[in-house]
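A.B. asks: Taking the hints into account, I'd like the entire structure generated from these sequences.
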Amino acid sequence: MGSLIPLIVAAALAPLMQALIIRTKSVMAGRIGPPLMQPYRDLLKLARKGAVYSHTTSWIFQLGPAIGLASVLLALTLIPFGGFAALSAFPGDFVLVVYLMALGRFFTVAAALDTGSSFEGMGASREVTFSAFAEPALFLAFAALARQTGQLSLSPLLAAISARTWAHAAPMLSLALGALLIVFMAENARIPVDDPTTHLELTMIHEVMVLDHSGPDLAMIEYGAALKLWLFAAIIIGVAFPWHCGHRWIDASAGLLGMLMLAIAAGLVESSMARLRLLRVPQLLLVAIVLSALALAF
Amino acid sequence: MSQLINSILVFLVLTGFMLLSSSRLAACIRAIAIQGVLLGVLAIAMQDGRLSTVGVLLPLITAAVKGLVLPWLLFRAMREADAVREVEPLISYNLSIMTGAAALALSLWLGQRLQLPSHASPPLQVPAAFFTSLVGVIVIVSRRKALTQVLGYLALENGVYAFGAAAALRLPVLVELGILLDVFAGVFVMGIAIFHISREFDHIDTDKLAALTDRLR
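Here the protein sequences come in this chain order: A and B. Residue numbers for the first sequence follow numbering that gives the first Met the number 0, beginning at 0 and rising by one. Residue numbers for the second sequence follow numbering that gives the first Met the number 0, beginning at 0 and rising by one.
Treat the hints with care, since some could be wrong.
As the list claims (entries may be wrong) - Facing chain A, a subset of chain B residues (Cβ under 10 Å, in silico):
#1 V9
#2 F10
#3 F16
#4 V55
#5 M97
Claimed, not checked - Computed spacing ranges between beta-carbons, pair by pair:
#6 B/L59 x A/A273: 36 to 44 Å
#7 A/R30 x B/T52: 53 to 61 Å
#8 B/S6 x A/R247: 29 to 37 Å
#9 A/Q61 x B/F74: 38 to 46 Å
#10 B/F74 x A/L73: 48 to 56 Å
#11 A/R247 x B/A63: 32 to 40 Å
#12 B/L94 x A/Y52: 42 to 50 Å
#13 A/A162 x B/D201: 55 to 63 Å
#14 A/S161 x B/K207: 52 to 60 Å
These are calculated hints, taken from the structure and not from any lab test. We put the beta carbon where it would ideally sit given N, CA and C, even for glycine.
C.D. replies: Structure below.
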């Protein structure tokens with residue numbers, strides 16, 4: 000039985016999670032930081048503006064943000080939250096989740112290349128290179144979890160992980176969790192891999208691809224990024240914080256608490272680490288692949 | 000107890016990857032030190048509650064020598080040779096990790112093929128032991144600095160020790176002590192050798208030593 004609740008919660012609270020990470024970083028740096036509602040205001044502001052399109056771009060450039068947002072929303076219908084099962088669940092749906100991410104990425108990259116800017120081409124190249132490393136890690140981590148729980152669909156899979164699973168398979172679960180955390184940071188352009196706040200550096204990855212988008216298109220990209228952050232965080236919390244007491248709303252509140260802790264943890268990582276050199280990023284992702292392969296072999 | 004043993008074995012494999020992926024010598028030495036302590040705990044955990052004085056004391060001595068004394072010697076050698084990181088290994092770090100993954104697959108396959116006759120050991124034990132030894136071999140052949148090669152030798156020895164803990168619970172005390180003494184003396188001599196190499200040639204890059212001949216060129 001599917002439920003709309005996970006999708007609604009994600010759609011409503013995803014920008015808040017971004018704001019919490021920013022707030023954590025601000026507090027760590029001794030600043031007050033923007034208000035927690037700032038991402039929502041930014042999105043509203045962008046949505047009200049008009050979009051500017053360069054003459055050199057084609058329809059692909061305008062299609063990119065829409066497909067990027069749509070694919071993440073579609074993927075979110077497969078992600079359970081707390082005690083609530085996802086809207087739809089079928090055997091092997093995690094494969095679809097990974098490929099929906101890939102679809103969104105493909106069109107973001109295509110839109111970036113469509114501008115003809117060499118700057119955006121560099122970002123596109125990096126994004127594709129790193130996701131080629133992140134994808135096997137994600138697949139292997141899912142495969143390891145599926146093997147451990149004997150479930151092939153995300154909703155029953157995450158529901159099957161409980162404190163008892165942790166008690167008898169802690170090494171395997173923590174390996175898969177480590178891999179998922181690295182993929183979480185890489186896919187969402189968080190700090191050891193990419194700095195989401197820079198806009199003027201040659202080393203950035205995700206932000207450089209969206210430089211030419213404006214107005215509603217940029218709003219769709221920003222909102223899609225927030226939803227993607229939520230999606231990966233929801234999977235991680237489902238594994239790391241398996242609270243199943245039977246009452247669905249209490250489980251969901253526990254899940255929200257877990258998301259809050261993960262946002263703070265991500266903020267702490269970002270304020271205590273420097274971004275890796277670009278050459279070292281594949282190494283980090285290779286470690287993620289090795290971790291999840293080890294979790295699968297275990 | 001098997002949960003603890005499994006965790007130790009997973010950590011053993013992870014320290015192997017730490018050794019393969021880190022360019023800083025200090026991190027590599029730490030990885031070897033962690034391996035030594037893990038092996039000591041492993042040897043105690045393997046005894047499954049039937050503890051004897053010797054059975055506890057020997058692993059503790061092993062852990063102390065491999066986790067404290069040897070790293071101390073190596074850190075000293077590192078300071079004296081003034082080497083902080085391994086520059087340009089023969090195999091890049093990314094390739095090293097991938098070679099490590101291949102070595103892990105190979106050791107998992109070997110572990111399945113090689114059934115130990117005596118008693119039921121945890122499924123990951125033989126693969127972890129093989130993997131640690133293979134990491135040692137990879138490090139020895141692919142790194143340039145003499146110090147890193149010593150670390151590879153220690154990883155090799157750690158793998159053998161882990162295999163010993165799997166294959167035979169009780170080695171005679173004298174044999175274990177003898178092996179430990181050999182390792183200690185080996186690292187001691189290597190440390191002195193590294194010091195002399197670095198003093199004579201201002202570096203510990205073993206590639207350049209290949210150019211040493213009697214012939215005049």
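A.B. asks: Looking back at the hints listed earlier, which ones does the structure fail to meet?
C.D. replies: 4, 9, 11
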